[in-house]
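*Asks:* Sequence:
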Amino acid sequence: MPEELLFLLPLAFIAGMIDAAVGGGGLILVPGLFTILPRELPAMLMGTNKFAAAMGTLSATWRYARRVKLDWHVLLPSAAAAFAGAYLGARAIHLLPADSVRPMVAVLLALMLAYTWFKPAFGGEDAGRPLTRRDLFIGMAIGMAIGFYDGFFGPGTGSFLIFLFVRCFHFDFVRASASAKVVNLATNFASLAFFIPAKLVLFGYAIPMAIANIAGAQVGSVLALKGGNTWIRRLFLTLALVLLAKLSWDMIR
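Residue numbers (my numbering): -19 to 233.
By construction, these hints were calculated from the structure, which means they are not laboratory data. Treat each hint with caution, since some may be false.
The list that follows gives simulated cross-link-like pairs (lysine-lysine, DSS-like), each with its CA atoms no further than 27 angstroms apart [claimed, not checked]: (1) 99 x 49; (2) 49 x 179; (3) 49 x 226; (4) 179 x 99.
Distance ranges between label pairs, derived from CB positions [as the list claims (entries may be wrong)]: (5) 110 x 217: 26 to 34 angstroms; (6) 72 x 207: 34 to 42 angstroms; (7) 225 x -16: 44 to 52 angstroms; (8) 23 x 94: 18 to 26 angstroms; (9) 184 x 104: 26 to 34 angstroms; (10) 110 x 20: 33 to 41 angstroms; (11) -17 x 233: 37 to 45 angstroms.
Ideal Cβ positions, reconstructed from N, Cα and C, are used throughout, including at glycine.
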């Protein structure tokens, strides 16, 4: 076994655990890959990360689907829109530098963080209302927009999805997190549709990392289901704050 895996496997496990609860596993795994495999092409490392993350997300989605009520009639079209959006976002990467996107994302994150912080009841209780045709179109718009963002830039995709599902559909945090996994899964596979044919996945690392990510995702989803809305809300706020700090640091560095 390559000695790099001794460091990558624990990172993949932790990333899968956090990603299964509130998203943001890439904040751990991507810097880890760039640090541990510094001689590899950045695109190769991103493809390797996406492969591991997609397998973990698939695993978490399966766990949530067995325990949480999911509105498939809205989520599947939303996921399809997200797949298309992620593909278009990936193709648009060369049209606009990522540095120009960071300030806007930082502002959106700050607003999302403040809104959630000052509304303690936000996401604490599920409205339990049936989703309508209007919700279907809202879900598809969310999927397309967040999918495009994930394909183009990426950080915070899961957090944005959770926030929008709570805000627009009045889900609690558990249901929103579970629903976000379905849409996020589509964006991950859209990315793989580019990375795998382009031979930008290091399968010697990606497959063991995927197994570790799956194990972490199972632990994370169980913790989320047991901890409930309060636990997910706290982790959500913590992750959003960390992501905001990272984006701010990247802008001033």
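*Asks:* Please test the hint of 34 to 42 angstroms on the beta carbon pair from residue 72 and residue 207.
*Replies:* Between residue 72 and residue 207, where Cβ atoms are some 38 angstroms apart, the hint holds.
*Asks:* 44 to 52 angstroms was suggested as the range; check whether the CB atoms of residue 225 and residue -16 agree with it.
*Replies:* With Cβ atoms ~28 angstroms apart, the hint is violated.
*Asks:* Is it true that the C-beta distance of residue 23 to residue 94 lies inside 18 to 26 angstroms, as the hint says?
*Replies:* Cβ of residue 23 to Cβ of residue 94: about 35 angstroms, so the range 18 to 26 angstroms is violated.
*Asks:* Does the Cβ pair residue 110, residue 217 satisfy 26 to 34 angstroms?
*Replies:* The hinted range 26 to 34 angstroms holds for residue 110 and residue 217, with Cβ atoms some 29 angstroms apart.
*Asks:* Range first: 26 to 34 angstroms. Now tell me if the beta carbons of residue 184 and residue 104 are that far apart.
*Replies:* Distance hint for residue 184, residue 104 is violated at roughly 45 angstroms.
*Asks:* Residue 99 and residue 49: Cα distance at most 27 angstroms?
*Replies:* 24 angstroms, holds
*Asks:* Would the pair residue 49 and residue 226 pass a check requiring their Cα atoms to be no farther apart than 27 angstroms?
*Replies:* 34 angstroms, violated
*Asks:* Given the hint that residue 179 pairs with residue 99, test it: the Cα-Cα distance must not exceed 27 angstroms.
*Replies:* 46 angstroms, violated
*Asks:* Given the hint of 37 to 45 angstroms, check if residue -17 and residue 233 actually sit that far apart at their C-beta atoms.
*Replies:* 30 angstroms, violated
*Asks:* Do residue 110 and residue 20 keep their Cβ atoms within the hinted range of 33 to 41 angstroms?
*Replies:* 48 angstroms, violated
*Asks:* Please work out if residue 49 and residue 179 have their alpha carbons no farther apart than 27 angstroms.
*Replies:* Given pair residue 49, residue 179 is violated - Cα atoms ~37 angstroms apart, limit 27 angstroms.
Checked against the numbered hints above, the structure breaks hints 2, 3, 4, 7, 8, 9, 10 and 11 and satisfies the rest.
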